[in-house]
Amino acid sequence: GQNIDQPTEMTATEGAIVQINCTYQTSGFNGLFWYQQHAGEAPTFLSYNVLDGLEEKGRFSSFLSRSKGYSYLLLKELQMKDSASYLCAVTSGNTGKLIFGQGTTLQVKP
Amino acid sequence: NAGVMQNPRHLVRRRGQEARLRCSPMKGHSHVYWYRQLPEEGLKFMVYLQKENIIDESGMPKERFSAEFPKEGPSILRIQQVVRGDSAAYFCASSPPRGANTEAFFGQGTRLTVV
Numbered sequence: 001g002q003n004i005d006q007p008t009e010m011t012a013t014e015g016a017i018v019q020i021n022c023t024y025q026t027s028g029f030n031g032l033f034w035y036q037q038h039a040g041e042a043p044t045f046l047s048y049n050v051l052d053g054l055e056e057k058g059r060f061s062s063f064l065s066r067s068k069g070y071s072y073l074l075l076k077e078l079q080m081k082d083s084a085s086y087l088c089a090v091t092s093g094n095t096g097k098l099i100f101g102q103g104t105t106l107q108v109k110p
Numbered sequence: 111n112a113g114v115m116q117n118p119r120h121l122v123r124r125r126g127q128e129a130r131l132r133c134s135p136m137k138g139h140s141h142v143y144w145y146r147q148l149p150e151e152g153l154k155f156m157v158y159l160q161k162e163n164i165i166d167e168s169g170m171p172k173e174r175f176s177a178e179f180p181k182e183g184p185s186i187l188r189i190q191q192v193v194r195g196d197s198a199a200y201f202c203a204s205s206p207p208r209g210a211n212t213e214a215f216f217g218q219g220t221r222l223t224v225v
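Chains as they are written, first to last, in the working numbering: chain A, 1 to 110; chain B, 111 to 225.
Hint data in this document are derived by calculation from the structure and do not stem from the laboratory.
Since this is a predicted model, take the numbers as computed values, not measurements.
The C-beta atom is built at its ideal place from N, Cα and C for all residues, glycine as well.
Treat the hints with care, as some may be off.
Chain A is nowhere near these chain B residues, computed Cβ spacing over 10 Å in every case [as the list claims (entries may be wrong)]:
#1 R130
#2 H141
#3 K181
#4 G183
Computed beta-carbon distance windows for the label pairs [stated by the list, open to error]:
#5 B:R124 x A:D52: 49 to 55 Å
#6 B:P171 x A:K76: 37 to 43 Å
#7 A:K68 x B:Q191: 41 to 47 Å
#8 A:T95 x B:G183: 37 to 43 Å
#9 B:R188 x A:G53: 16 to 22 Å
#10 B:E182 x A:S65: 23 to 29 Å
#11 A:E9 x B:V122: 29 to 35 Å
#12 B:K181 x A:K76: 44 to 50 Å
#13 A:D52 x B:P171: 33 to 39 Å
Let the sequences and hints guide you as you build the complete structure.
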């Protein structure tokens with residue numbers, strides 16, 4: 001089976017740094033994605049990791065450890081507009097279908 | 111290049127009616143995925159299609175749900191005899207034919223309400 005866990009909710013302060021963790025158990029792991037989803041809107045792509053290590057993209061970075069089944073999304077210099085749900089998803093096999101976690105709702109406070 | 115287009119954005123159906131949700135993938139994309147998001151829950155994979163072929167329907171309910179992606183026209187997710195539990199946001203995503211780990215682009219979703 002496949003299982004993806006991430007915290008349900010997090011709160012952080014504007015200008016701060018927040019780390020959203022994701023652990024997964026899956027067979028045939030092919031890669032891990034992070035998506036951002038604002039309420040009532042479509043998920044938008046943030047990052048993709050297939051090899052161990054850190055991928056940095058502006059204020060957002062994503063880390064993967066395949067041996068530990070663990071990833072995190074790091075958001076720096078938080079802005080109010082970063083208040084959203086952050087979805088961790090893995091692909092396995094060769095179909096490209098995404099298996100999502102429950103999502104982490106991040107609230108950024110002034 | 112227009113993004114993934116879904117319509118309608120909102121759909122209200124009475125119990126027992128049929129719901130038809132449409133998805134036009136991005137230009138050049140031949141892979142279409144449907145996901146369902148129940149209230150307060152994560153996205154759940156339903157079905158993966160390529161033109162005229164269902165590749166993986168392991169997430170589709172066994173009854174009342176069907177999907178197609180014809181040679182011409184949009185992909186259609188069809189729900190027959192809707193029930194209140196079908197109320198959810200249905201998202202379509204598309205990706206180009208470049209392998210399994212290509213970023214998928216999501217449409218805005220269709221929010222189905224069954225009354």
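Quick rundown of the hints versus the structure:
1. R130: It holds; R130 (chain B) is separated from chain A by about 20 Å at its closest Cβ, greater than 10 Å.
2. H141: violated (6 Å)
3. K181: holds (21 Å)
4. G183: holds (21 Å)
5. B:R124 x A:D52: 49 to 55 Å: Check passed, 52 Å falls within 49 to 55 Å.
6. B:P171 x A:K76: 37 to 43 Å: Since P171 (chain B) and K76 (chain A) have Cβ atoms about 42 Å apart, the given range 37 to 43 Å holds.
7. A:K68 x B:Q191: 41 to 47 Å: holds (46 Å)
8. A:T95 x B:G183: 37 to 43 Å: violated (23 Å)
9. B:R188 x A:G53: 16 to 22 Å: Given about 43 Å between the Cβ atoms, the range is violated.
10. B:E182 x A:S65: 23 to 29 Å: violated (45 Å)
11. A:E9 x B:V122: 29 to 35 Å: holds (30 Å)
12. B:K181 x A:K76: 44 to 50 Å: holds (47 Å)
13. A:D52 x B:P171: 33 to 39 Å: Holds - the Cβ-Cβ distance for D52 (chain A) and P171 (chain B), about 37 Å, lies within 33 to 39 Å.
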